[in-house]
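> Make the full structure from the sequences, and use the hints.
2 protein chains.
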Amino acid sequence: MISPDNCIRNGDDLHYFFEPSSVAVIGSLRMDSGLAFRAISNMLHFGYKGKIYPVNPGYEEVLGLSAYQSVEAVAEPIDQAIVITPPKTVPGIIDQCGNKGVKAVVIVSENFAEIGADGIVLQQHVTEIARSKGIRIVGPNTIGLINSANGFITAPYFIAYDRLPKGNVSYCSQTGFVGPTAQPLFDRGYPINKTCDVGNKCDVNEVDLLNYLANDSTTSAVALHLEDIKDGRAFISAARKLVAKKPLIVMKAGRTLAGGRASASHTGSLAGNDIICDAAFRQAGAIRVNTWQEFWDVPRVFGTQQLPKGNRVGIVTHTGGAGVVATDAAVEAGLVVTNFTDSTLKKLSAFAPRLATNPVDLGPVLSTTDNPFMVQEESVAIAMEDDNVDCVAAATYGGIEGIMEPIVQMFTRLKQRCNKPMAVWIYGMKLSAIEETVRELQKQNIPAYIEFETAVKALSVAAHYAQMRKEM
Amino acid sequence: MISPDNCIRNGDDLHYFFEPSSVAVIGSLRMDSGLAFRAISNMLHFGYKGKIYPVNPGYEEVLGLSAYQSVEAVAEPIDQAIVITPPKTVPGIIDQCGNKGVKAVVIVSENFAEIGADGIVLQQHVTEIARSKGIRIVGPNTIGLINSANGFITAPYFIAYDRLPKGNVSYCSQTGFVGPTAQPLFDRGYPINKTCDVGNKCDVNEVDLLNYLANDSTTSAVALHLEDIKDGRAFISAARKLVAKKPLIVMKAGRTLAGGRASASHTGSLAGNDIICDAAFRQAGAIRVNTWQEFWDVPRVFGTQQLPKGNRVGIVTHTGGAGVVATDAAVEAGLVVTNFTDSTLKKLSAFAPRLATNPVDLGPVLSTTDNPFMVQEESVAIAMEDDNVDCVAAATYGGIEGIMEPIVQMFTRLKQRCNKPMAVWIYGMKLSAIEETVRELQKQNIPAYIEFETAVKALSVAAHYAQMRKEM
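In the order they appear, the protein sequences are chains A and B.
For the record, in the first sequence the residue sitting at position 315 is 315 according to our numbering, with numbers rising by one throughout.
For the record, in the second sequence the residue sitting at position 263 is 263 according to our numbering, with numbers rising by one throughout.
Think of the hints as simulated: they come from the structure by calculation, not from any bench.
Note that the coordinates shown come from a computational prediction; the quantities given were computed from them, not determined experimentally.
There's no promise every hint is true.
Below, computed lysine-lysine pairings styled on DSSO-like, alpha-carbon distance capped at 27 Å [as the list claims (entries may be wrong)]:
| hint | chain 1 | residue 1 | chain 2 | residue 2 |
| --- | --- | --- | --- | --- |
| 1 | A | K430 | B | K443 |
| 2 | B | K230 | B | K245 |
| 3 | B | K430 | A | K443 |
| 4 | B | K166 | A | K430 |
| 5 | B | K415 | B | K245 |
| 6 | B | K430 | A | K166 |
Among the chain B residues that face chain A by a calculated CB cut under 7 Å, a handful are [what the hints assert, rightly or not]:
| hint | residue |
| --- | --- |
| 7 | D187 |
| 8 | G254 |
| 9 | R255 |
| 10 | G323 |
| 11 | V324 |
| 12 | T327 |
| 13 | G334 |
| 14 | V337 |
| 15 | I400 |
| 16 | G402 |
| 17 | E405 |
| 18 | M429 |
| 19 | L431 |
All C-beta atoms, glycine included, are put in the ideal place defined by N, C-alpha and C.
Shown next as structure tokens:
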């Protein structure tokens, strides 16, 4: 392994990875199945407007673009190269990229450090060439990057959605599992700003990403999946700088001994002792989650609404049973299910005496009222406006076709009316309706969830982060 | 509250609740919106073949069925009555049901013990009438029951799916939130055998259900959501008898003080001290889960495959990152991510040396082989057949249209070939494809999951239950 200190550090700017004006894609251009073909096709599909240079000596043209024998055959400058070729060809290609003045290279190719001794030697060789030429590398063994703002995407596989979801969270990982083919990024409406799979981390690693994303004005929260930390001190320092500006959610895999061993065999990295990692996260102000669902969903709560001023939650639900589950989840995550003020209790009582408690269970009232949306909207507003409430978790029935529009309108009005953070849980019988409503709410910057527990967990992370910011 | 000892106990047979030959439905028959109309409509829709007697003095006919002035006006015998009328009318109706010889009544009506003093008195009154007439009651304040085998369903709301999912797990709860309108029972393909919301538990409670389901040959696992336990000793005794035959998965809500208070306000029950409940569950051999997702998904692993002989898991995945996450989840849930035997390592090496480790990461091989399904099928089989392996968690890419059939065929063959339990995780980019594949696998009695962590958790619960059975 090459330690990060041995790698080039051209400042902390990964600009050319996420915002290249021009990109060479080197690899198979075979129609449909070629990986370079597919990467180019994805970029065109998602609206990348920079120059694209397909590179493969066997082609003259692909997807309406001229193809080139090599990067050096391109006359115009090239910011970034995506390399998807057999491993033994990579050193020569990096060398050519250096001669051409390429600034950033994503090495998608596999079979480097993750396969053992031979791969380690090859990876080190590639890294040394890059360093000597002033090139930064993401990878090898990576699915690469997405920037949802400019449609730039390096994934070399077929992607079955029409457009990228757009948002304000950047998701970084040490696995291609965060990629657009492995995850329902669109269907779940994740608020994607950028993604990056660091792969084997021969150069660019989590520290570089933290440094870059700390200063990236369009990223308002960072979710980071890690299997190892290359340099603990550098990580803590970079993370603290980022956390002073925006939250950092970390999912550290390889928590267990067996998990650590599994990690070594697919990325060639050694998972650190989990207790030490945990201490580093605390010191860094990073907030840890332990499941994929939380990794993706918790950050939704950030960036598009203000931070909670404290940890007191109001819960408004349609079903008492779910209210109890949400209350348990809230308390276990460190929130206080607050007592409403007398004024709030009075207002809620005006609808029905039974509503005057936290959690509010609207169920019995909604099933008899003529205007359930009004009762719900007013009840959520009353809870949000309570002086004892810092944030609100609201359930809403969205599990059937035809009611999405009033739901989205209701929460959009509530967001405008009440200046406190909320998390909305959509439940019901039709998954397609639930999922569409989650996406539409996300478009209105309203964090929505398919599990009440995750909605509540997200609010608790927001409260935790807000408290940490106060203490920094 | 009426303690269960004060209630009638006609043996432990809830036969007339789940398998009535005839049912009276008492309440509003208004076209489409009437709750009794809707309950009847649902029964017809889902294929219930028993006699249905709509009861409402304002109607002569509804949905092609003759309507009756009262239950007493029906000439034929009535096994069960579903009561969906204003609370103050319920005592009189129960009295009439008694005169008519009705055996079982589901009181859907709300506003009983859950609303406080007046409701408690009314509920007690109703219970006393029922007891004096030899009637068993489910409810009040309940969505009632489902029996997927005969299409019997009491839910009085519109249900937007064509057929009930069918399976071997009975789900019981103390909330309507397990109901077919609040949960995507069909879309998720939950293996529904029966469901029952016990509501305020004025008579039938968790103990009755455990007694009944222990002897119900079509139920091979029970998932039980509880907010309180009416009688700890009776619960432990009934649960132990059930657990000697089939697993009991318990989700106890109201774990926290605040959660317990919330519970009191919607069902009128007092959540017991959680430490005491936890001890009772251990003594009873019930296995506890703490989230809705686990409540629904963990039991899939039971009943259609044999129990694991030990706690050693083989993990076969398409993506190294997910393998690490699954390994962590396995170890944290008490499984051992076993070392494969030399013979297994040799067989896996024949595909590629990198595969010869647990977890097996097929990713790099699948992306280069001409026959990915064969490689996957053989790899999973090799892992399952390993003498050191008691169960297998297998990931498969199912997140795109058009590949469901080979996936289902592959796992169906694997199930026939290898006599060990497995749990399949479906991942990918299209939720609709993932969900459909989960349903189709479920139809083949292959437990499938949308989260790898839950698949692994389910196997751990199976191993835990198998161990407990050995010690009983």
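> Now tell me, hint by hint, if it's right for this structure.
Verification of the hints:
1. A:K430 - B:K443: With a Cα-Cα distance of about 19 Å, the restraint between K430 of chain A and K443 of chain B holds, given a limit of 27 Å.
2. B:K230 - B:K245: holds (23 Å)
3. B:K430 - A:K443: holds (19 Å)
4. B:K166 - A:K430: holds (17 Å)
5. B:K415 - B:K245: Between K415 of chain B and K245 of chain B the Cα gap is close to 23 Å, so the pair holds against 27 Å.
6. B:K430 - A:K166: Given that 27 Å is the threshold and the Cα spacing comes to 17 Å, the pair holds.
7. D187: With Cβ-Cβ at 4 Å, under 7 Å, it holds.
8. G254: holds (5 Å)
9. R255: holds (5 Å)
10. G323: holds (5 Å)
11. V324: holds (4 Å)
12. T327: The hint holds - T327 of chain B has a Cβ within 7 Å of chain A, the shortest such distance being about 4 Å.
13. G334: violated (11 Å)
14. V337: holds (4 Å)
15. I400: holds (6 Å)
16. G402: violated (10 Å)
17. E405: Hint violated; E405 of chain B Cβ to chain A Cβ min 17 Å, cut 7 Å.
18. M429: Result: holds, 5 Å to nearest chain A Cβ.
19. L431: With Cβ-Cβ at 4 Å, under 7 Å, it holds.
The structure shown violates the earlier hints numbered 13, 16 and 17.
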